[in-house]
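Asks: Protein chains in written order, with my numbering: chain A, 1 to 281; chain B, 282 to 562; chain C, 563 to 843; chain D, 844 to 1124; chain E, 1125 to 1405.
These are calculated hints, taken from the structure and not from any lab test. One or more hints might be untrue.
Derived DSBU-like pairs: lysine-lysine, alpha-carbon spacing no greater than 35 Å straight-line [stated by the list, open to error]:
id, chain 1, residue 1, chain 2, residue 2
1, C, K737, D, K932
2, C, K653, B, K456
3, B, K327, A, K175
So the chains spell out like this:
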Amino acid sequence: MNPKRFRRNWLSAGVGVIAIAAAAVVGSASFSSSASAEEMMVERAKILKDIGVYGLFTTFKVRPSYYMLDAAERAMAADEVDALVMAHKDKVLVDAYLTRGFESESDFMLRLNAYEPLNSQAFLTEFAATRLGRNSDVTFSVFGVTKPLNHTTKEKSPDLLKALQETAYSAPDPKYAFMIPIAKDAEWWNMSEADKLKRMEEHTLPTLPFLVNVKRKLYHSTGIDDTDFITYFETADLVAFNDLNIALFSVPEMLNNTRYGRPTVMGAIMSVKDVVMALSK
Amino acid sequence: MNPKRFRRNWLSAGVGVIAIAAAAVVGSASFSSSASAEEMMVERAKILKDIGVYGLFTTFKVRPSYYMLDAAERAMAADEVDALVMAHKDKVLVDAYLTRGFESESDFMLRLNAYEPLNSQAFLTEFAATRLGRNSDVTFSVFGVTKPLNHTTKEKSPDLLKALQETAYSAPDPKYAFMIPIAKDAEWWNMSEADKLKRMEEHTLPTLPFLVNVKRKLYHSTGIDDTDFITYFETADLVAFNDLNIALFSVPEMLNNTRYGRPTVMGAIMSVKDVVMALSK
Amino acid sequence: MNPKRFRRNWLSAGVGVIAIAAAAVVGSASFSSSASAEEMMVERAKILKDIGVYGLFTTFKVRPSYYMLDAAERAMAADEVDALVMAHKDKVLVDAYLTRGFESESDFMLRLNAYEPLNSQAFLTEFAATRLGRNSDVTFSVFGVTKPLNHTTKEKSPDLLKALQETAYSAPDPKYAFMIPIAKDAEWWNMSEADKLKRMEEHTLPTLPFLVNVKRKLYHSTGIDDTDFITYFETADLVAFNDLNIALFSVPEMLNNTRYGRPTVMGAIMSVKDVVMALSK
Amino acid sequence: MNPKRFRRNWLSAGVGVIAIAAAAVVGSASFSSSASAEEMMVERAKILKDIGVYGLFTTFKVRPSYYMLDAAERAMAADEVDALVMAHKDKVLVDAYLTRGFESESDFMLRLNAYEPLNSQAFLTEFAATRLGRNSDVTFSVFGVTKPLNHTTKEKSPDLLKALQETAYSAPDPKYAFMIPIAKDAEWWNMSEADKLKRMEEHTLPTLPFLVNVKRKLYHSTGIDDTDFITYFETADLVAFNDLNIALFSVPEMLNNTRYGRPTVMGAIMSVKDVVMALSK
Amino acid sequence: MNPKRFRRNWLSAGVGVIAIAAAAVVGSASFSSSASAEEMMVERAKILKDIGVYGLFTTFKVRPSYYMLDAAERAMAADEVDALVMAHKDKVLVDAYLTRGFESESDFMLRLNAYEPLNSQAFLTEFAATRLGRNSDVTFSVFGVTKPLNHTTKEKSPDLLKALQETAYSAPDPKYAFMIPIAKDAEWWNMSEADKLKRMEEHTLPTLPFLVNVKRKLYHSTGIDDTDFITYFETADLVAFNDLNIALFSVPEMLNNTRYGRPTVMGAIMSVKDVVMALSK
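So here's chain A without its partners, still in its complex pose:
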């Protein structure tokens, strides 16, 4: 990734990039590295704020064969996966979620953040060779990249940006995560920037009250996968999250969404080790 070319693109206003400013931003975006993507060290706090970060969400369903391994084998699975995460920790940040019980199509989800997608692929290729990986099917995979805010900027919408920045998440630690892909129709993409800005302001305003209860993060996917955006949320308050979504459904911008979910993946936020242990009983 070439930072020079990168900057040039952001300045060309003709390219329509939207940001769903729905809730407390997990971290404000910043992009200051001059190192090549391959060399950049992954640090949790930083990579979750950076732009130019590749997010890969993968859901897995454990096959019945896993439970034909004897219990001692399964007991080793958690340490095996944990060691793999450690071995890749400078290249990929791995988060895990237990989806068993909430989802029919998966038992767990991994979120990988990396500066270089080949690094995420390397991790998943090795994960496929672990006890758990050998006995799981990948059931969904979606890929996106973080980018700077496009509509709600200092120039275009200064008051709204300020409101967004001044509201911090202040609820108990999130227990649940949601991964929701979104796609927009061709009418949306053909709108003028002014119309899109208006829609995004209408979209953002009613979501401000939820910033204290819901964290969110946005990845852009147009063309690099079969959706336009991946929205990721964390919350401890599912009623607030339901209300937030109702607010998002009740503005004109929703008229141009051709996809919202499908799947909506809900998972319990847990350590990688705890997820594997929960599945290994």
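Using the hints provided, position chains B, C, D and E relative to the given structure of chain A.
Replies: Here is chains B, C, D and E on its own, set in the frame of chain A:
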């Protein structure tokens, strides 16, 4: 779940929440607990009336491998599942339905009601380790939360509310349950509250005659799953239930439904033990 | 099922119920029993004419495991299924169709008619424990109920009703059966009764010439399954059946159909025993 | 099939039957038999020209289990299938196509032409019991019947008919076959015959130049399967075939197509024996 | 393929063929061979520029059975596939991509370019008999042919053509490939050539800045498969590729696309041997 924040949201009229007042409400909603969700004890009569209750519907298909266990093993399955339900009874209310014969995608359905979804997940994770769970696939899962009535309230529609409250289920004990997910289009969500109220009144009126024959319960799912509502019905009279649905299809509100069913899951209402025994022959 | 409530509903004209009067009705509907549904004895000639009868269509695909049983085992399968049908014959009428060769998703179809769906479920639960059932997957299932004619009645459309009643099936014995689910859009259900009657008359008129070649039977499914109607046909003349369908496609009523088929299941009409034997080679 | 009733229907202009006159007709339709369908002997040249012929296209995917048979077993498979084709040759004409490599959902396709569908079913039921059949899954099946030309007739469109009849296939022997199902929307079926004729003339004219390179055959499926037409093509020139399809997409008639393909099955034209041998390595 | 007939068709302007001039063309099209397709020798540099070349994209998912082979067996798989590629190298150009980690439906993708599709089929039929092929499922397959530019020609749009030709890919070697199928609606195909040209110019102009970062190649599929175009891209800069796609979504031509992706397949560009080795751990 924070009751304070909860109340605030209900008072903000801008958030569109609908209630499908189609038939005799299983219980009027009430929310008075100040205990944290994790600590609240589950009591059948109360949890089925409370708001802020999380409903999780899961359908299962038994794999052929189950019938390769010897009959003695299968004979133990019912007690094993029953014991699990008992062990979790303070945290989760579990209802079971035999869908074999009525559905191609499932053999049984579980409905879990809990104040805290992690508790439902804990039950299902342990269920997956039982003889039956090990040999079944989850084929559908949908998740929602109970909320107070939004449109047919004392302020907005007092006469209709009174009519709803005065009609009680008076038919023989229900034999059949139906789980029907519903989703609405973006036009619906962008309607004014007055328009939505009018549609809901048109929707509710023709359903009043069916209140004596059909019970129903509503869960809200927007954003927390890939549908807007889960409607749950119990009846002993399937022709009345068919007529009720025809009435619901024949009002303008139906024009804004993008999903009604898919799946419509029909099950025989039975004890957990009887369901497992029926599948273990 | 309570006959009193039943009659009341039929008299309330507001409930839209349609009848697809496409061809020679297998039998005119009549409802005169005062016995409870559970107690009513099944007689072929009568149950195929009665209203308030529950029809359950289920398709099955034989798994490869069936052919790993030795031939002697398979040779016993037909008698085993036949005995089961006999054991339930007072409660359920079972018809069988060989779909292998005509369908990719199934090898055979069962049609169950019963006054009480729990009886159909009981049969299918026991069928699942037979040699064939153990080695087959249910691939489609759809459920409906017979009701009296709604539009083409003596009051509303006397001439058409007379024409329908005067035309009898006079072709050779049917060799083929078709099961075709149909669903209508919300515009249809919101039409006035007069408009629906007009559409149904336009629909019925061009089908009269086919009454001599095609038998049909209609089940109503709105809300009790994911379709509005199940149409069932028998014929010995597939070109006539194709022409009949073209006639049905070429009237305005078709503009409001959102589903016609999906699946269209075609089967050879055979005895239960012959179907099982054909699959057991 | 009763020839008398058959003729009557063709004369009734109200029944909309279309013919896709896209390329050199494999043979002009004729119907002169008075024998019953069951008794009629199948002759390749004749049955491919007759009307009232039932076409059944079935695709198969070989299961991994086939390759666990030892090579000697597999080596016998081709002769076994070939013998079966021979045994049924008076009742069913069987053509085979190798789709492996071109299709993800299948490895081979069979086309069966018969005067009586029960004969095709009998063949496929016995095929299912062969070494290859036992180890293959049917992945798609579609069924139709040949009928006389409806729009481009001597009365309605004499010049176009003449042009069609005067252009003969003159390219090298076809190497590839395509099976493409087509369905039309309700607006199409509700058009006047004059409008449909106009559309079909617009459709046919730009296809005349391709008659020398592409052969085609049409089966009618409305109501007897989940599509309206099955178009079958043979060609040695895939660029011409692509151009022909672009021409068919670029006329108004295409606006009323709701399905074109799904699947488009492409196969190499080979003898039954060669197909089985190619899959048995 | 007959070059004479080929040329004639290109000159007939009535046939609508479009070219997506989105990025640096991998090679300008030329067609000068007079040899028959079967005899033509495949040379990488030439076949990637020629018109009349058949592209076949196939994705594969490795089955769990592969990992039950012992490691020594798997270690031989890469050489086995490599030898097969070599054996066919005069007939088929095979490129491989590692999709594991990026896609749920596949682990690797092959792209085959050949002058004669039977040659591609022959390769894939033999590949199916290798250790890896025996233990993999084909999960997607799409087929197209290269053709000359249709809209952006010297006659119709000389300036744009010049701009396209003058911009060369100048970024680091591509690491990622994308295969994206595209289909257009009937309105598009019924547009006048002038309207289509205008749309394609609007489409091409905003893509010029990306020519330095993204390579692309186009195959035509109308009628020969269930899509209209296969677009193939290579890039080292995924943000540029995302921006390019946003530009393509934001022009009126997008309003006529009914498919864009489904699937969008992303793979790491690797040698055939490296792909097999990565999957064989």
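Asks: Next step is simple, just say for each hint if it's right about the structure.
Replies: Quick rundown of the hints versus the structure:
A C-alpha spacing of about 22 Å is found between K737 of chain C and K932 of chain D, which places the hinted pair at or below 35 Å, so the restraint holds. Distance hint between K653 of chain C and K456 of chain B is fulfilled; the C-alpha atoms sit about 17 Å from each other, no more than 35 Å. Note on K327 of chain B and K175 of chain A: the hinted pairing holds, with a Cα-Cα distance of about 25 Å set against a maximum of 35 Å.
Against the hints set out earlier in the document, no violation occurs for any number.
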